[in-house]
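Novice: Here is what each chain is made of, one letter per residue.
2 protein chains.
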Amino acid sequence: MRAAIEIADKHQTPFGAALAMGDQLFVTAANQTAELNDPTAHAEIMAIRKLGEHLKKTNLSGFTLYTTCEPCPMCMSASIWAKIDALFYGCDIPTISQFLGQIQLRASSLSKNSINPVYVAGNILDEECRQLLANYA
Amino acid sequence: MRAAIEIADKHQTPFGAALAMGDQLFVTAANQTAELNDPTAHAEIMAIRKLGEHLKKTNLSGFTLYTTCEPCPMCMSASIWAKIDALFYGCDIPTISQFLGQIQLRASSLSKNSINPVYVAGNILDEECRQLLANYA
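Going down the list, the protein sequences come from chains Y and Z.
Start counting the first sequence at 2; every next residue gets the next number (my numbering).
Start counting the second sequence at 2; every next residue gets the next number (my numbering).
None of these hints come from the bench; they were simulated from the model.
Treat the hints with care, since some could be wrong.
No copy is singled out in the list; a pair is fine if it fits within one copy or between any two copies.
Mimicking DSS-like on lysine-lysine, the simulated pairs with C-alpha atoms at most 30 Å apart in a straight line are [as the list claims (entries may be wrong)]:
id: 1; residue 1: 58; residue 2: 113
id: 2; residue 1: 113; residue 2: 57
id: 3; residue 1: 51; residue 2: 84
id: 4; residue 1: 84; residue 2: 113
So that you can see chain Y by itself, here it is in the shape it has in the complex (with noise of 0.2 Å):
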């Protein structure tokens, strides 16, 4: 988590993201969508872009994927397809809320939905993760 807060904070968004298999870090990511004129490019799709590009593959099991915001149904629908094994959040959906629109569908009950459920928790390193928030949202 610590990288996501790092990468995110360096490129002065809320938004960081990072993947890791156990304890070795493989990518980091930041939200892009202004730079890139891009909608789509939340910072956990920008990881999991860049690390099935590195890996030459689009199956991701086996890797844990951390984010300072808790992902919107977009970025929680790509960590499934991905076949991500589990997912770390800092700020909740709510909280995002209290500085930004979002789309009210938690993670974890998207992942329950799903062919490949992705295991969730939240609130890792939150007061940090608000306090990107409060700075750059």
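Starting from the known structure of chain Y, fit chain Z onto it as the hints suggest.
Specialist: Here is chain Z on its own, set in the frame of chain Y:
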């Protein structure tokens, strides 16, 4: 929808998408997950990325998305974030699920939870879209 069906057929995948404003077609795209090693490269996502890059903006309001298959929550959320006006699909998720595993959340249901609701209607040229599923899924 014809353009979405054609691009899907050309790429030998059930999944094609097109973005248009009124009668003017702007971009088409097909699913490219396998060839790009990108689990997020669904047809609708690729079309949205392409149009954002072309227009140099993330706000695609005024556009209509046509897609051969009802969008999964990733693609539906991307349409919501891109502020697309309306979305028309061919086969619905129950039909796609007869061929391929799906996340069981309907597009219209997700749109209702959204800050930017997208008008959603389905079963457009669905027999032709079903044939794509039968041929390529």
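Novice: At most 30 Å between alpha carbons: which applies to residue 58 and residue 113, within, between, both or neither?
Specialist: within (25 Å within a copy, 34 Å between copies)
Novice: 30 Å Cα cut-off: does residue 113 pair with residue 57 within a copy, between copies, both or neither?
Specialist: within (28 Å within a copy, 36 Å between copies)
Novice: If the cut is 30 Å between Cα atoms, do residue 84 and residue 113 qualify within a copy, between copies, both or neither?
Specialist: Cα proximity of residue 84 and residue 113: in one copy and across copies (14 Å, 27 Å).
Novice: At most 30 Å between CA atoms: does that hold for residue 51 and residue 84 within a copy, between copies, both, or neither?
Specialist: both (15 Å within a copy, 25 Å between copies)
The structure shown violates none of the earlier numbered hints.
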